[in-house]
Amino acid sequence: MSEKEIKNLEEIFEQRIARDEKIEPKDWMPEKYRKTHIRQISQHAHSEIVGMLPEGNWITRAPSLRRKVALLAKVQDEAGHGLYLYSACETLGISREELYEQLHTGKAKYSSIFNYPTVTWADMGAIGWLVDGAAIINQVPLCSTSYGPYARAMVRVCKEESFHQRQGFEIMMKLAEGTPEQKEMAQDALNRWWWPSLMMLGPTDAESVHTEQSMKWKLKRKTNDELRQQFIDQTVPQADLIGLTIPDPDLKWNEKTGHYDFGEIDWDEFWQVVKGHGPCNKERLSARVNAWEEGEWVRDAAMAYAKKQEDKKLKKAI
Amino acid sequence: MKNNWPLWEVFVRSKNGLEHRHFGSLHAADAEMALENARDVYTRRNEGVSIWVVESKHITASNPENSGELFEPAQDKVYRHPTFYTLPDEVKHM
Amino acid sequence: MKNENIIQYIYGIADNALILGQRLSELCGHGPNLETDIALTNMALDLLGQTRSYYQYAAQLSGDEKTEDDIAFLRIERQYKNVLLVEQPNRHFGYVITRQFFYDVFHLLLLQELQNSNDDTLSAIAKKGIKEVSYHQRFSSDWMKRLGDGTEESHQKAQEAVDDLWKFTDELFHMTKDDELAFESGIGIDVSKLKEHYYKRIGEVLEEATLTIPETKWFQKGGKQGIHSEHMGYLLSDLQYMQRTYPNMKW
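Protein chains in written order, with this note's numbering: chain A, 1 to 318; chain B, 1 to 94; chain C, 1 to 251.
Be aware that one or more of the hints could be misleading.
What the hints assert, rightly or not - Stretch by stretch, here's where chain B covers chain A in the computed footprint (C-beta under 8 Å, at least three residues):
hint, segment
1, 83-95
2, 254-266
3, 294-302
Stated by the list, open to error - Quick list of in silico lysine-lysine cross-link-like pairs, BS3-like style, CA-CA up to 30 Å:
hint, chain 1, residue 1, chain 2, residue 2
4, C, Lys200, B, Lys15
5, B, Lys57, A, Lys26
6, C, Lys128, A, Lys159
7, A, Lys216, A, Lys109
8, B, Lys57, A, Lys312
9, C, Lys128, A, Lys313
10, C, Lys127, A, Lys308
11, B, Lys15, A, Lys159
12, A, Lys109, A, Lys218
13, A, Lys308, B, Lys77
14, A, Lys35, B, Lys15
15, B, Lys92, A, Lys22
16, A, Lys316, C, Lys200
17, A, Lys307, C, Lys200
18, A, Lys183, C, Lys250
19, A, Lys35, A, Lys218
20, C, Lys127, A, Lys174
21, B, Lys57, A, Lys107
22, A, Lys32, B, Lys77
For the record, the hints were derived by calculation from the structure and aren't laboratory data. Where is the CB? At the ideal position from N, CA and C, for every residue including glycine.
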């Protein structure tokens, strides 16, 4: 194809998106669109499955049977969400194994928040409430993103996700109204997870490299800073309600803007964790690599068995 | 040697009376496993009463490049639709 | 029959579901791939769901302020009545599947009898469980065949697990004193009568899986009397951690 033809196709393509038409797997798409989507969808999928680990850490120690089944179901949902997203990504012509390879070699990123350790039970509450809360803010707009398979996966994810945040908030609420020891546990978890949750919504707009292009392709509908403000505005009253304190001395309601003002985020810490120096980066990755490597003989066995059965069927037919 | 589980497409009937609808895809080594995985992945919340699975490679899809010749010719065949025909106002229920 | 005996009888069934559910939930996030991970967790959830039904009933029978969680988390090791089989660790996927398969076959036979219990609650729990456990048995039987008749490596690993776990199967059919009492009063069943059917079904699947039935005539027992393997203490320290560290709190 000549450059001019490509340019023409690109124009038609952009117009389709602007008209809110969906792009489907076999449609022509610019290479950059494909690559960007593979990057973002797989990053999202990786975040789901790496995100299983910090919470998985508490399944065997959950304090009641009710909490145990809820947490188990929640972490299982994350596996499901990872699966939906990998499937969406595979429609772009890349296999799940290739995507795993990128994760395992550190080439692909996942949400940095999962590189923090879960040290008490209250962290299950804080993750559900704050991390899932921030994730939902990110995810809901993606239900109408331009790439059909991604949008459909996100509709399913968001539908299932709705119990996750409630589950977390309920844990926090129960702790906050419990003994002084429990309340302290809840406050401590909020203190540790608050800032990483704010960072989860991405670098400030000035620092963000992808925002403009992503807006055009409806991979993003609002900027990182807008999303962050939305998250803070909705979360602060919830903390007030259960009597916990947001660990930000600069946080205060601004009558004029109708939003909360908040303190400076420690971006050095953010970039350090992104670059692999967070408290659990190594552990998370090696847990994933181990599961995959130790599972190889199992996956091979299933394929070998399937082939034998197929051969048997063929022989019978002859 | 890479020996990866192939991709399958999953269709679920959410209740009797409705058609099977494409729900998504998954990996499985054989058809039996694909059915079991589909049950475990796509009907956790009571979403289905019947499942079909088909290995993705067995699906033949039309090419969007041919959309013009495939689908546009049907656009102007208005006589296939009831509104094409005029009836006197007195005729009810037709 | 005294309530205390019925309660003990219930523990004899329910503790298996709790401990096996706990073992399976250790795997969540670490399965050989996403689909299998999700499937194993579904089984864990079924088992923990059954556990709750049994314990809620036992708590109700005990009459005092007892809850399902007191029963699940606040007994000492000697008071757990699960069989040794279900507490065995997840050494590798071959063990996970074989342990599951050995238990599922028994579990289904047990529930099919228990649904005829003259205790309405136990009968109802059994009826609901049959559907779940039928699927478990189907899942684990299919996987036994895949591993046994898969690659050379998987065959060897599956055989290793079968050889190792075989010695725990006989205990499933031991009748405790509470079992006898429950059986006599029509509440419980005679598990010793399930044995023949059990080994027949196990044998069929193992044969199809090209695996060999171990010749050993030596079997381990003790779980039903609360004398567990050394693995149990570690499992319980995880399970009970929160309740022991923060006693008398609501979660």
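Going down the list of hints, with the structure as the test:
1. 83-95: Since 5 is at least three, the answer is holds.
2. 254-266: Per the Cβ count (0), the hint is violated.
3. 294-302: The restraint on the segment 294-302 of chain A holds, since 3 of its residues have a Cβ under 8 Å from chain B and three suffice.
4. C:Lys200 with B:Lys15: Violated, at roughly 38 Å.
5. B:Lys57 with A:Lys26: Between Lys57 (chain B) and Lys26 (chain A) the Cα gap is close to 14 Å, so the pair holds against 30 Å.
6. C:Lys128 with A:Lys159: Within the cut-off at roughly 27 Å; holds.
7. A:Lys216 with A:Lys109: holds, 23 Å
8. B:Lys57 with A:Lys312: The hint holds at about 22 Å.
9. C:Lys128 with A:Lys313: violated, 36 Å
10. C:Lys127 with A:Lys308: Violated, because 37 Å separates the two Cα atoms, which is more than 30 Å.
11. B:Lys15 with A:Lys159: At roughly 19 Å apart (the allowed maximum being 30 Å), Lys159 (chain A) and Lys15 (chain B) satisfy the hint.
12. A:Lys109 with A:Lys218: Measuring from Cα to Cα gives roughly 21 Å; hence the hint holds.
13. A:Lys308 with B:Lys77: violated, 52 Å
14. A:Lys35 with B:Lys15: violated, 38 Å
15. B:Lys92 with A:Lys22: It is violated: about 40 Å lies between the C-alpha atoms, which goes past 30 Å.
16. A:Lys316 with C:Lys200: At roughly 27 Å apart (the allowed maximum being 30 Å), Lys200 (chain C) and Lys316 (chain A) satisfy the hint.
17. A:Lys307 with C:Lys200: Judged against 30 Å, a Cα distance of about 28 Å means the pair holds.
18. A:Lys183 with C:Lys250: holds, 12 Å
19. A:Lys35 with A:Lys218: Distance of about 15 Å is within 30 Å: holds.
20. C:Lys127 with A:Lys174: violated, 34 Å
21. B:Lys57 with A:Lys107: holds, 29 Å
22. A:Lys32 with B:Lys77: violated, 39 Å
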